[in-house]
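Chemist: Listed here are the chains, written in short residue letters.
Number of protein chains: 6
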Amino acid sequence: MLIRVINPNTTQAMTKLIGESACLAAGPGVQVEAVTPAMGPASIESHYDEALSVPGILSEIAAGEAAGAAGYVIACFGDPGVDAARELATGPVLGIAEAAMRAASILGRAFSVVTTLDRTRGRARELVDRYGLRSTCVSVRACEIPVLDLEAKPCAPDRILAECRAARDDDGADVIVLGCAGMANLCTLLSADLGLPVIDGVSTATAMVTGLAALGLHTSRRGEYAPPPVKAYTGLLCGFEQ
Amino acid sequence: MLIRVINPNTTQAMTKLIGESACLAAGPGVQVEAVTPAMGPASIESHYDEALSVPGILSEIAAGEAAGAAGYVIACFGDPGVDAARELATGPVLGIAEAAMRAASILGRAFSVVTTLDRTRGRARELVDRYGLRSTCVSVRACEIPVLDLEAKPCAPDRILAECRAARDDDGADVIVLGCAGMANLCTLLSADLGLPVIDGVSTATAMVTGLAALGLHTSRRGEYAPPPVKAYTGLLCGFEQ
Amino acid sequence: MLIRVINPNTTQAMTKLIGESACLAAGPGVQVEAVTPAMGPASIESHYDEALSVPGILSEIAAGEAAGAAGYVIACFGDPGVDAARELATGPVLGIAEAAMRAASILGRAFSVVTTLDRTRGRARELVDRYGLRSTCVSVRACEIPVLDLEAKPCAPDRILAECRAARDDDGADVIVLGCAGMANLCTLLSADLGLPVIDGVSTATAMVTGLAALGLHTSRRGEYAPPPVKAYTGLLCGFEQ
Amino acid sequence: MLIRVINPNTTQAMTKLIGESACLAAGPGVQVEAVTPAMGPASIESHYDEALSVPGILSEIAAGEAAGAAGYVIACFGDPGVDAARELATGPVLGIAEAAMRAASILGRAFSVVTTLDRTRGRARELVDRYGLRSTCVSVRACEIPVLDLEAKPCAPDRILAECRAARDDDGADVIVLGCAGMANLCTLLSADLGLPVIDGVSTATAMVTGLAALGLHTSRRGEYAPPPVKAYTGLLCGFEQ
Amino acid sequence: MLIRVINPNTTQAMTKLIGESACLAAGPGVQVEAVTPAMGPASIESHYDEALSVPGILSEIAAGEAAGAAGYVIACFGDPGVDAARELATGPVLGIAEAAMRAASILGRAFSVVTTLDRTRGRARELVDRYGLRSTCVSVRACEIPVLDLEAKPCAPDRILAECRAARDDDGADVIVLGCAGMANLCTLLSADLGLPVIDGVSTATAMVTGLAALGLHTSRRGEYAPPPVKAYTGLLCGFEQ
Amino acid sequence: MLIRVINPNTTQAMTKLIGESACLAAGPGVQVEAVTPAMGPASIESHYDEALSVPGILSEIAAGEAAGAAGYVIACFGDPGVDAARELATGPVLGIAEAAMRAASILGRAFSVVTTLDRTRGRARELVDRYGLRSTCVSVRACEIPVLDLEAKPCAPDRILAECRAARDDDGADVIVLGCAGMANLCTLLSADLGLPVIDGVSTATAMVTGLAALGLHTSRRGEYAPPPVKAYTGLLCGFEQ
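Protein chains in written order, with numbering that gives the first Met the number 0: chain F, 0 to 241; chain E, 0 to 241; chain G, 0 to 241; chain V, 0 to 241; chain Y, 0 to 241; chain A, 0 to 241.
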């Protein structure tokens with residue numbers, strides 16, 4: 000079974016990190032393929048970045064369909080392009096925010112999201128609403144570290160930890176959701192310090208997609224997620240429409 | 000890894016059916032143990048039945064903790080006792096309604112629940128609200144077959160199928176959620192006829208709990224799901240308090 | 000007219016206190032009977048405690064039906080077993096959280112709940128949602144005094160008063176709801192100090208149930224609250240099913 | 000104890016009917032005074048009518064304060080002027096829609112409102128939202144009989160009954176809420192035919208206000224319901240501002 | 000095209016200020032007429048004031064219909080009488096709270112209302128809910144200056160500015176909505192200091208009503224906003240019913 | 000003042016139609032420029048189409064900024080790319096669904112959307128939720144005519160009219176919102192037949208944007224809509240990032 004994990008930005012180092020997280024969730028007989036789109040932004044920190052990432056994501060879904068992928072993970076916490084991806088894909092498609100937030104609401108009653116830049120908090124809250132989790136999400140906090148500095152900056156783990164502690168002590172969080180795929184490698188460290196479950200969306204989404212696909216469950220081919228009507232496209236090609 | 004799947008009613012034939020469904024989701028290295036409580040109702044078709052099933056469920060959680068279970072599935076669509084079970088359990092605990100409804104909202108945009116008796120629809124709608132899925136659930140339909148007649152009555156599959164078709168054609172459902180653990184063996188048949196994903200909560204919950212447990216994620220030990228304060232109990236013993 | 004007021008825990012001293020509160024609301028011609036279940040926890044401070052209290056509550060409802068009770072009050076702020084109790088009862092059944100919160104939303108526009116342990120705040124918020132009062136409830140505060148220490152600890156009134164003042168001054172509460180049946184005797188003291196209405200759920204629920212019953216209104220016998228289907232139960236007997 | 004029941008329209012025959020309903024709920028020691036305002040519309044069937052009824056209602060509240068009333072019922076299903084009335088009143092103030100809907104959500108899980116004109120259904124739904132009861136209210140139905148024809152038209156009971164039956168059979172209602180004070184005398188007839196609790200807001204509100212007042216509970220004097228600031232008014236005098 | 004802008008209070012100086020704000024939004028061919036009702040309160044700072052302002056507002060709508068007005072603005076932040084006014088008016092009717100809040104949700108993602116007295120915040124929040132903007136409104140703040148002191152008190156601009164800064168810095172507001180028609184002249188000053196859009200409802204509502212009327216759009220004459228049924232009124236005459 | 004109206008699809012005939020609608024709302028001194036993106040789908044009938052339209056829309060916003068546009072209309076009923084566009088634009092940006100739905104909730108109390116294909120109804124409902132209008136939107140209906148057939152098919156007006164009538168008569172709609180920019184020319188015809196306001200989003204959005212821009216109001220430059228961080232983009236260029 001092939002699970003395709005798509006890094007929506009074009010930074011290869013981050014694809015590598017994402018692939019490693021996804022592999023934690025891949026049992027025997029599951030092949031994880033982490034891919035980088037050919038077009039898009041170097042990181043996603045605005046609605047603009049997110050919009051420009053979607054055509055590249057969809058190209059990777061189209062390529063995955065050609066390769067017989069059994070399911071997909073979209074590894075950016077804004078869950079970009081998920082609806083369009085589900086129209087193209089046969090297997091399940093899951094964004095890491097949806098996976099992490101749903102898992103958090105199974106493991107506790109009050110989760111906090113700790114994310115990168117303050118300006119992305121609105122999108123996180125919008126997803127909380129979309130997934131119906133407003134009564135379970137007690138806060139969305141930002142550590143004000145740009146995505147691509149997460150690995151580079153030595154102070155990053157400390158600042159993330161400080162926000163997690165504030166989420167626990169001031170907001171009453173009983174579970175932490177990491178709000179960026181680039182934070183995945185901090186999971187164990189944070190959980191040990193905090194005494195709380197800390198959820199990385201990449202591995203969680205991979206586990207869920209694998210589990211659904213193994214049961215033969217696929218994206219509905221009827222209604223809103225039916226394959227898109229065939230038509231002409233100008234200037235942007237994602238491979239599906241050909 | 001041991002996953003304990005608890006049939007909240009005392010009917011052994013149903014435990015056997017539930018165990019078979021759960022095993023569909025158990026990969027290599029996972030042992031599924033389907034158990035029947037020593038006390039409780041023969042089937043669950045009212046709030047009263049549900050209330051009386053909970054002490055038996057909690058005894059099975061306490062026994063599972065003693066046996067080192069890595070996670071639990073509560074295999075009744077009313078998700079009875081889930082909050083209390085999470086207070087007792089180290090690993091993840093998941094009811095089949097929560098698992099099935101969350102999966103349905105990943106695979107489509109408009110799911111219907113098809114359940115047994117009309118009088119249980121209120122509880123199903125209450126769970127839809129609890130899990131924040133009101134905008135994704137388009138209907139809750141009942142086939143008016145008592146739980147223990149699901150296997151016995153030859154007409155049961157036809158009546159369930161009729162409700163599923165009505166959900167698809169009249170309510171616009173693109174995914175079907177089976178509203179009773181006793182319907183699990185109809186999944187393939189229904190899905191083939193309807194051309195829609197049909198979700199059985201038992202196998203789906205087993206897959207999700209296994210996936211979360213494999214990542215080392217557990218129920219939060221802080222806040223609302225912390226272990227209950229120690230105190231005296233009269234007349235009802237579940238094994239935890241000893 | 001007989002109103003049965005059920006203390007869901009097994010502590011007799013608390014039943015006595017509850018009975019005194021209920022009697023404040025019983026006019027001429029109304030007999031209040033405060034009862035203690037034969038099984039259950041000594042106090043209710045977790046989902047586990049709440050679950051184990053329900054069979055005892057239901058036994059008291061069944062006994063009340065045999066005795067011709069006109070209505071019931073369930074005197075724990077978690078409103079345990081209310082749905083199941085309504086299936087068994089002919090007259091109205093009311094939990095003290097529902098009664099107090101509905102009264103608070105008549106007397107003001109911004110109520111706070113002041114309860115015992117922090118870990119029970121989640122259940123209180125869940126009830127706020129169930130009763131549709133999220134826009135009227137401005138906070139749920141805990142004084143961190145265990146239920147059975149409320150009477151014993153000399154500092155209890157001061158700590159409760161401090162939380163009430165914070166609710167008024169910091170959260171903008173214009174009405175206080177006492178979040179435990181064991182606080183009822185503090186009503187007058189708190190109200191005088193705060194200059195706010197302070198609501199005890201036991202007396203309020205008793206007044207409401209009495210009022211509804213006097214008008215001949217009863218629990219609906221159709222749909223979700225119809226009497227439970229007859230079936231076999233193992234190991235747990237509440238008297239109804241016999 | 001004096002309870003003032005205000006008929007918001009100027010039709011004396013309706014005041015008489017309302018007074019009779021209220022008296023059903025008045026136990027020993029309670030005096031019910033049903034009053035007709037000196038200004039306002041002959042009946043309330045639009046937002047315009049409702050707006051013009053409010054000054055007359057407020058004059059009756061001001062007069063009630065002078066007379067030492069312990070509480071108030073506003074006997075129109077649109078609950079006109081309730082917020083302003085609470086600013087003027089010492090005791091509890093309750094509209095009949097709020098009373099009836101809250102009672103309905105105690106007695107069942109799915110109530111229907113059966114009201115007069117179709118054009119008033121929007122206001123009823125708005126009140127359902129204000130009181131947080133959207134998940135309990137399954138429909139708002141109109142029998143298209145003008146308010147003042149309810150008593151005059153021989154066909155009125157049959158048309159009201161027909162809508163109640165449709166609410167029960169088509170919408171799944173388990174409780175009926177009568178959507179006009181002028182329907183109160185039909186309660187017993189309808190309930191016997193339907194096999195459901197049928198709630199008249201006038202008697203229910205009277206019972207609730209009496210119960211709260213007897214416990215010494217009053218409208219909060221702090222925050223939004225504090226007495227209005229003193230100032231000049233031109234052309235409209237309600238007695239309070241003098 | 001004639002747009003009638005109604006000051007719901009009887010203070011002429013405020014009508015003048017409102018007229019000046021409205022004229023900012025009136026392009027060529029649009030005549031703005033700011034009017035003061037003959038009856039009502041000197042300012043609106045309670046539910047009581049609001050209730051007493053409505054008959055005067057409706058008289059001005061009726062007079063506007065006689066004069067052929069193309070649309071109406073109700074220039075008080077509580078949007079008093081809007082539903083009744085829409086029943087009387089042919090053209091669009093808009094309150095300044097609705098206009099300002101809808102504009103704020105177009106220009107940003109997180110608006111704060113800064114209003115006069117603390118006791119009016121409840122009404123502002125109620126309107127936020129009515130207009131469906133709860134997820135966009137991050138706070139409602141009061142500067143505790145009475146309406147008629149806004150112009151007189153030299154310290155008023157500073158106190159309003161202080162609340163706006165707190166909204167921006169503590170609540171994360173990206174747009175400010177002024178919560179009183181009497182603050183309109185501060186718009187430019189505040190916006191320059193804060194670096195945020197600051198919205199005055201009077202000019203915004205005038206622009207929206209003018210735009211809708213210019214497209215030939217009118218209030219629906221069917222359903223809830225159809226003209227009120229003809230009937231007798233006692234003691235209060237607004238000109239419509241004659 | 001220059002208002003840029005962007006047709007998100009690449010079909011020139013539709014741009015012409017959109018430009019004509021927008022000009023209806025442009026008063027003296029306002030120049031409307033209707034533009035067609037250089038890349039994107041021929042029409043928008045799926046999430047996939049919508050995703051592929053966004054880069055083209057953003058290029059037109061970037062070009063508009065260079066040309067000094069005072070505001071923007073995005074003329075597709077899915078409001079594609081609105082958040083990203085607001086990050087790039089100085090003036091107000093408005094999608095036609097948002098404009099039409101907000102106008103509908105001013106003119107009536109119960110609007111219906113009548114759109115093209117059934118599969119797009121989910122997106123319309125999602126926008127209803129985003130704009131907080133769930134209690135005002137009574138239905139979303141589809142006439143099952145593809146976007147590009149709206150002008151070509153002679154039967155199109157009749158099918159659209161049939162759905163509008165059903166919305167009025169079966170769903171109780173008092174206002175109709177046209178769910179596609181390609182229906183704008185039917186407004187007068189439909190309104191005359193139905194006796195209801197019928198709202199075209201293109202002209203309404205143009206009027207609103209013009210009105211806001213004329214008052215000097217702009218998109219907030221702080222928080223979520225601040226200009227995007229500068230970074231590298233691969234393969235997709237919209238002109239902003241250069």
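Hint data in this document are derived by calculation from the structure and do not stem from the laboratory. One or more hints might be untrue.
Simulated crosslink set (BS3-like; lysine-lysine; CA at most 25 angstroms straight-line) [unchecked claim]: (1) K15/V x K230/V; (2) K152/F x K230/A; (3) K230/Y x K230/V; (4) K152/Y x K15/Y.
Quick list of the computed label-pair ranges, beta carbon to beta carbon [claimed, not checked]: (5) R220/F x D169/A: 16 to 22 angstroms; (6) C154/F x E143/A: 53 to 59 angstroms; (7) A12/A x A151/F: 50 to 56 angstroms; (8) R220/A x A225/Y: 56 to 62 angstroms; (9) T233/F x D169/A: 37 to 43 angstroms; (10) D117/E x E150/A: 46 to 52 angstroms.
C-beta atoms are modelled at their ideal positions from N, C-alpha and C, and glycine is treated no differently.
Chemist: Work down the list of hints and note, for each, if the structure agrees.
Modeler: Do the hints match the structure? See the list:
Between the alpha carbons of K15/V and K230/V the distance comes to roughly 36 angstroms, so the proposed pair goes past 25 angstroms and is violated. Taking the CA atoms of K152/F and K230/A, the gap is near 18 angstroms; set against the 25 angstroms cutoff, the hint holds. Annotation: proposed proximity of K230/Y to K230/V is violated, straight-line Cα distance about 33 angstroms (limit 25 angstroms). With a C-alpha separation of about 18 angstroms, the suggested pair K152/Y and K15/Y falls inside the 25 angstroms cut-off, and the hint holds.
Checked against the given bound of 16 to 22 angstroms, the beta carbons of R220/F and D169/A, roughly 30 angstroms apart, lie outside it. At about 57 angstroms, the CB distance of C154/F to E143/A agrees with the hint of 53 to 59 angstroms. Between A12/A and A151/F the beta carbons are some 51 angstroms apart, a value that agrees with the proposed interval 50 to 56 angstroms. Between R220/A and A225/Y the Cβ separation comes to about 44 angstroms, which falls outside the hinted range of 56 to 62 angstroms.
Judged by the Cβ atoms, the range 37 to 43 angstroms given for T233/F and D169/A holds: they are separated by roughly 40 angstroms. A hinted range of 46 to 52 angstroms holds for the C-beta pair D117/E and E150/A, which are about 48 angstroms apart.
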